[in-house]
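Quick note, the sequences are listed as chains E and C, same order. Taking the working numbering, I'd label the letters of the first sequence as residues 1 to 139. Taking the working numbering, I'd label the letters of the second sequence as residues 1 to 68.
Derived by calculation from the structure, the hints in this document are not laboratory data. The model shown is predicted, which means the values in this text are computed figures rather than measured ones. Note that CB positions come from ideal geometry on N, CA and C, so glycine has one too. Heads up, some of the hints might be wrong.
[Said to hold, decoys possible] Rough simulated footprint, nothing fancy, chain E against chain C, three-plus residues with beta-carbon under 8 Å:
id: 1; segment: 21-28
id: 2; segment: 47-55
[Claimed, not checked] Sample of chain C residues with no beta-carbon within 10 Å of chain E, all distances over it, derived:
id: 3; residue: Arg12
id: 4; residue: Asn31
id: 5; residue: Ile59
id: 6; residue: Glu64
[Stated by the list, open to error] List time: in silico BS3-like cross-link candidates among lysine-lysine, alpha-carbon distance up to 27 Å:
id: 7; chain 1: C; residue 1: Lys37; chain 2: C; residue 2: Lys47
id: 8; chain 1: E; residue 1: Lys131; chain 2: C; residue 2: Lys2
id: 9; chain 1: C; residue 1: Lys4; chain 2: C; residue 2: Lys47
id: 10; chain 1: E; residue 1: Lys131; chain 2: C; residue 2: Lys37
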Amino acid sequence: MAWDLCGFPQDGIVFCITVILYHHCAKKCRRGGFWAGESNICTLVNETSLWRYVVVMLPMIPGIILALGVVRASSRLDEMERRILLESATFSFTLTLILLISQSLLGLVDIPQLGDASIAAIMCFFLLIGKFWGNWRYR
Amino acid sequence: MKNKLRVLRAERNWSQARLAELLEVSRQTVNAIENGKYDPSLPLAFKAAFLFEMSIEEIFEPSEGDLQ
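Excised from the complex, chain E in its bound form (with noise of 0.2 Å):
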């Protein structure tokens, strides 16, 4: 893979431009904005430049954010309430695991695909789940 920084005083004014229109698109589009947003982008950027893989990533910032608060809400959750987010993320994880592998199984036979946002969904409500039936158990 060949990194192309000579470009660098060009795309580094195009990345500040994709980062704005990052933010604008992500603001104008409500659904899927997001991504939307982010695919528009990474036409504006040289397809040979380093800048284009920090524009891709750019989504992941407010990931990190949210996975930090995750952690820190995590961290101060009693051993009980620990213990149910365990429980839930090992069921909403094994189920996940299940659904993905019928799923693969079932594309053999043409049955269509889910969308990796559509598995992150399904994930979050089998942790859903998990959580609503842990609290019940040690109600």
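Take the given structure of chain E and dock chain C to it, following the hints.
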């Protein structure tokens, strides 16, 4: 595991919320321990024992199934 947490708490006129505050856990955790749905960890059991100025064995006692 059986425990006398509810009795000890009642003797001191503490609410579950108050005990939870003193043990630095949630009210739900105190409720689960009192109802025998959740067995506390050793540090939490020590904390409860220290709070009630008793030994762990005086507060918590194993049920028949725990010793098998």
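Hints versus structure:
1. Here's how the segment 21-28 of chain C fares: 4 of its residues keep a CB closer than 8 Å to some CB of chain E, so the rule of at least three is met and the hint holds.
2. Coverage of the segment 47-55 of chain C by chain E is violated in this model, with 0 residues showing a Cβ closer than 8 Å to a Cβ of that chain against a need of three.
3. Even its closest Cβ contact with chain E, about 21 Å, leaves C:Arg12 beyond 10 Å, as expected for a residue assigned away from the interface.
4. Look at C:Asn31: its CB is around 7 Å from the nearest CB on chain E, not clear of 10 Å, so calling it non-interface is violated.
5. The non-interface label for C:Ile59 is consistent with chain E: the shortest C-beta to C-beta separation is roughly 17 Å, beyond 10 Å.
6. Consistency note on C:Glu64: stated as away from chain E, and its beta-carbon is indeed over 10 Å from all of that chain's, at 22 Å minimum.
7. Using a Cα cut-off of 27 Å, the hinted pair C:Lys37 and C:Lys47 holds, with the two alpha carbons roughly 19 Å apart.
8. A threshold of 27 Å between alpha carbons decides the hint, and for E:Lys131 with C:Lys2 the separation of about 26 Å falls inside it, so the pair holds.
9. Among the hinted pairs, C:Lys4 with C:Lys47 is consistent with the structure: their alpha-carbon atoms are about 14 Å apart, no more than 27 Å.
10. A C-alpha spacing of about 16 Å is found between E:Lys131 and C:Lys37, which places the hinted pair at or below 27 Å, so the restraint holds.
Hints 2 and 4 from the earlier list are contradicted by this structure; the remaining hints agree with it.
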